[in-house]
Amino acid sequence: MAKKKGFEILDHTADVGIIAYGADLKQAFANAAKGLFSLITDLDDVKEVLHRDAELTATDEESLLVEWLNELIYQFDTEGIIFKRFDIIELDNTRLKARGYGEKVDRSRHKLMMGVKAATYHMLKVERSDGGKVQVLFDI
Amino acid sequence: MAAPWQGILNKIDDYRWEIPTSYKPGMAVPGLIFASESMLTHILGENAFQQVANVAFLPGIVGHSLAMPDIHWGYGFPIGGVAATRVKDGVVSPGGVGFDINCGVRLLRTNLTEAEVKPKIEQLVNELFVNIPSGVGSEGKIRVSEKELSEVAVRGSRWAVEKGYGDAEDVIVTEESGCMKGANPDKVSAKAKKRGIPQLGTLGSGNHFLEVEVVDELYDREAAKAMGIEDLGQVLILIHTGSRGFGHQVCTDYVELLGQAVKKYTISLPDRQLACAPVSSPEGQDYLAAMACAANYAWANRQFILHWVRECFIKVFGKSQPELGMRQIYDVCHNIAKIEEYTVNGKKERLCVHRKGATRAFPAGHPDVPDIYRSLGQPVLIPGDMGRFSYVAVGTEVAMKETFGSTCHGAGRLQSRSAAKRSLRGSDVAKALAERGIIVKAESMASLAEEASEAYKDVSEVVEVTHNAGISRKVARARPMGVVKG
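So the protein lines, in turn, are chains A and B.
For the first sequence, the residue numbers in this note's numbering are 1 to 140.
For the second sequence, the residue numbers in this note's numbering are 141 to 626.
Think of the hints as simulated: they come from the structure by calculation, not from any bench.
There is no bait here: all hints are sound.
Here are the simulated lysine-lysine pairs, BS3-like style, with alpha carbons at most 30 Å apart:
| id | chain 1 | residue 1 | chain 2 | residue 2 |
| --- | --- | --- | --- | --- |
| 1 | B | Lys281 | A | Lys47 |
| 2 | A | Lys111 | B | Lys561 |
| 3 | B | Lys331 | A | Lys111 |
| 4 | A | Lys133 | B | Lys561 |
| 5 | B | Lys561 | A | Lys34 |
| 6 | A | Lys97 | B | Lys331 |
| 7 | B | Lys581 | B | Lys260 |
| 8 | B | Lys581 | B | Lys571 |
| 9 | B | Lys334 | A | Lys34 |
Some chain A residues judged to face chain B by a derived CB distance under 7 Å, without partners named:
| id | residue |
| --- | --- |
| 10 | Asp11 |
| 11 | Asn70 |
| 12 | Lys117 |
| 13 | Ala118 |
| 14 | Leu137 |
| 15 | Asp139 |
Computed list of chain A residues with no C-beta within reach of chain B, every gap over 10 Å:
| id | residue |
| --- | --- |
| 16 | Glu55 |
| 17 | Ile89 |
| 18 | Glu90 |
| 19 | Ser108 |
Ideal Cβ placement from N, Cα and C applies to all residues, glycine included.
With the rest of the complex left out, here is chain A (with noise of 0.2 Å):
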């Protein structure tokens, strides 16, 4: 069920986790960043209206999947995007290239649930086993 939608709440008492999952690990990170929307918003009241690309480099993939998870963040709390499918480019050891699909809040459309603060290392896991699998804390 968890692997057809291509991610799952992870419990925890203060905040929220994701672990999501992918045939490949380039899904997987797709699939953690639309968890993390899912959590803002209810994504099927999401329209793809507009696209933003991001491209980054890291020291390994577990900080990859932190700063661009931060930069989404970013990008909705600047500019109010809600982001709700992902296009991973390219991901390798240390740069990761998207494009995120989505549109700006429309306070009359979205209700908006949750507060993101950002994407934490705490219990952060990327696995390539079994195609892509990862896992992120957010602070709520």
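Start from chain A and add chain B according to the hints.
Just chain B now, kept in the frame of chain A:
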């Protein structure tokens, strides 16, 4: 059957439990948890306890890796954690402060009684809800330029007061006088500034709130009176918020940066979120300069909100501020790192005290306690959940000796947000509270369920432990009448 703690913790007394360094190789000091025996089952059952042990790995840590009774599972540090490191050869960790830098609480007194407020509570909560921006993605009513934002980051509450938001007296009864020294906006990223500008003067979401409450128990009438809490039935107002996206981004940036510093200074850590750098290193100093900016932003933020709260009361009750007696009692921050001096092994030592979900609790006579409270000790403000109580306490000498002048900061979560949402509906929570005479208004119904009483430890139990252990002394208790949630 053996108690769950046996074989893991050493019982010091009924409220103190030690995690010996033998628990996890690499611990530089033992852990010390302040809790009652009945609270231990929950603490041991989640990762919070592991996190206390992990914090004990930090280079230069002295005394104990401490946990207050409201401890719960965080990221890196536990929430309710206190750790002091030597300035000369220890580290500073942004994770030991948290993303919401200077998240804190401000308490106001009024001349109003419950009988006067009750008939107007619904109107009052609506007025507060309308006039104080709250919720996810909310933007402030004030717009600052980037230059002004830098002034806010350096001057904190004072900046807001000079612009006409509140009184000079408010600043005197604010921790650090609402302005932390050493702030340098050049050490704050453009991203943090961009996040911070629109969010100044907003409550935010999550566990942040405004609460109109009524005094329902006095434990120390003399101390209460000095704070302007004269009698049972008196109405108080509690503001809980922090540095919003500005602080979140400062933390995000420096966790990243100090993650690199960990390699540079060959520091070995059990959790990457504990990323740190020597206090005296350029990275450590830069973080402290940026953190002070976020702390000052948060104090200015609570100063703006205080002003709007006063405006709402003036409008609803048709009385002037002096008639309403809306004086600030105190403002504390509970996510911060501060350089303070303590006696360690008989020697005076400058320490970097990380308080992650913990409140400073300085005793009577301490020079950092404002004159009007000098003979009592620093007021400690402990909010509970929206259905139970909040407490006012004062700091003690025991806290100076054992906890680097720290005590608890709130109730502490018991249940995860998703578990709370699975078992409760926001609308039912609001209805149940209304039946008990507590009016709640929230931007998001989902957040109401997440923040329900059932999701929290009983704050009274937490405060009992800190009181009986002697690390703070209770003064008064209040129960909520009206709440605005983000």
